[in-house]
Amino acid sequence: MTEVRALNVDDTLSDDIVVDDNRVVMDVEDVSVYYGDFRAVRDVHMPVREHEITAMIGPSGCGKSTMLRSLNRMNDLIEGARVEGRITYQGIDLYGPKVDPVEVRRRIGMVFQKPNPFPKSIEENITFGPRIAGVPKSEFPELVERSLRSAAIWDEVKDRLKDSALGLSGGQQQRLCIARAIATTPDVLLMDEPCSALDPIATGRIEDLMQQLKDDYTIVIVTHNMQQAARVSDRCAFFTTEIDATNDRRTGQLVEYDRTDKIFSNPADERTENYVTGRFG
Amino acid sequence: MAAPVMPADPDLLAGNPKRRQKESIVKTVFAGAATTSLVISILIVGSLLWKAQSFVGDLISPPADALAETRDGMISLSNLWTEQWAPRFMQFDIKTLLVASVIVTVVAMAVAGPVGLGAAVYLSEYASPRVRRILKPILEVLAGIPSVVLGFFALRWIGPNIVQNLFDSAGNQSLLAAGLGVGLLTIPLVASISEDAMRSVPNALREASAGLGARKFTTSTRVVLPAAVSGLVAAFIVATSRAIGETMVVFLAAGGSGNSAQFTVNPLERGATMTAAMASQASGTDGTIVETAFNSLFFVGAVLFVITLTLNVIADRFVRRVRQQY
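If you read the protein sequences in the order shown, they are chains V and E.
Here the first sequence is numbered in my numbering, starting from 98 and rising by one per residue.
Here the second sequence is numbered in my numbering, starting from 292 and rising by one per residue.
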């Protein structure tokens, strides 16, 4: 790795090459998402790089969650939702005719805003995904431990794997949901405001966890919390809303997408600056 | 210290006394309405139990007119356990009616359970809002078909075209035909309660499942159905209790005479269920005059009441559990 890096520097190309070292695993090109006639978000360009945490921030209704849910075709579950433009994973168009959304979601997992464990045992929550993917039962015990360890919740639940997941605290439930998502061995983890229902201590735990998970996964997170985006993310996309003159409805749009330190210290767009300095939103 | 407040006019907050009086009258009227239905229910149950116990009393110490109807001049509690239901001859074999009722109910639930559940899964998980808007009212229309109509349908169509087609030995009236008819009648009930139970499962669980790469079928069977299981059990129990209590369809299509029904466990034979026996006896087609024979229908009614009450109480428990969960 170091040799590659050195080579790039020797090439005397711009510094960005070194920073952009990581491969683009998902690419969002020119994407607009509609619900029926309503355009929720428009013209998004946003490459997602491997082993990075990409954060999406912005005021309510700016389309960041909509955008996130388009990345693993969760929007398919909503009647009338439609994506224009191109979203690729490993270079494959996610909305191409040969693509099975179920396969997409196995590779691009999701953690939701509100912890949503199944009303089953902790163990069954973890094995749900592997079971339907056809993983042999003999691998379950090891897989359960590995997933729960990765989500930093093993020590808290190892003695009560057969207990209902609903008996856990909110923060534990959310880590269980992360463990559940990890258990299907996805490439990319999408997190939709994963800490918004949690207290600061639980939030801190999840943030630490995300830093650990980064080594194995690519993470895209939507957050309301700017400090959180600044703390955890490598890259940051700022969305905002604007009134659509044609129908007087709000449409979200991407204002700026850059490295997180740049977004927070020296944003290119005035709207970004106003938002991150707290003058707006 | 602040200065003491001057007391205001004592009537300042008194309001309009007439209005308050009216309010209390309204309250009394509504309370009366509520009490009436309660009192009537208690009276019905009371008279049912009273007559039932007087029937049992007759068996223990039989009156002369009842004894005159028997062949051997003997009546005892063992008359409740013979080989036939023939109140005219003081043969009150309750198991004849009970088994017929059970056969009809089992057949009905074998139809209504899977079909109703399937319809519920479709409506709740697969149907688009538009399709649901069309289908649900249709289902409810099916629930509104008078049972006498379904009874005729079972008698004239299901009996000859389905049962007799499949089984040569069956007559045009049979417990099976009646069971199928009752099943049709119960489908909407199962579908409607099951659908409510499934729709009350939070969407977050469906999303969690889809997010893990589950197909709709997997989500329905492994997440939604288990989460709704209490409601589904309740639907099944309520429908069972409805099927046991159904009268018109079995009266017309099962073909058993309420005056002399032979004990049978064969669904292809005719049979009299508890409800059909009661209906035929109450309509008095054979001019039953002996009080004891007539009172037997209260006894059957009491047995039926205990069964359906038990089922409803169990179902209620399950429904409550479903509400607690989320």
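Everything labelled a hint here was simulated from the structure, so no lab data went into it.
Please note that a few of the clues may not be correct.
[Unchecked claim] Here are some chain V residues the structure puts well away from chain E; computed CB gaps all over 12 angstroms:
| hint | residue |
| --- | --- |
| 1 | 127 |
| 2 | 173 |
| 3 | 217 |
| 4 | 236 |
| 5 | 242 |
| 6 | 296 |
| 7 | 321 |
| 8 | 343 |
| 9 | 347 |
[As the list claims (entries may be wrong)] Just so you have them, the derived chain V footprint on chain E, three or more residues with Cβ under 8 angstroms:
| hint | segment |
| --- | --- |
| 10 | 487 to 500 |
| 11 | 506 to 519 |
Since this is a predicted model, take the numbers as computed values, not measurements.
No residue lacks a Cβ here, since even glycine has one placed at the ideal position from N, Cα and C.
To see whether the hints hold, each was checked on the structure:
1. 127: Holds, since 26 angstroms exceeds 12 angstroms.
2. 173: 8 angstroms, violated
3. 217: 7 angstroms, violated
4. 236: Check passes; 17 angstroms lies beyond 12 angstroms.
5. 242: Per Cβ check, residue 242 of chain V is outside 12 angstroms of chain E; nearest 19 angstroms; holds.
6. 296: 20 angstroms, holds
7. 321: 18 angstroms, holds
8. 343: With a cut-off of 12 angstroms, residue 343 of chain V remains clear of chain E, as the shortest Cβ separation is near 27 angstroms.
9. 347: Given that every Cβ of chain E is farther than 12 angstroms from that of residue 347 of chain V, nearest at about 24 angstroms, it holds.
10. 487 to 500: holds (count 7)
11. 506 to 519: holds (count 6)
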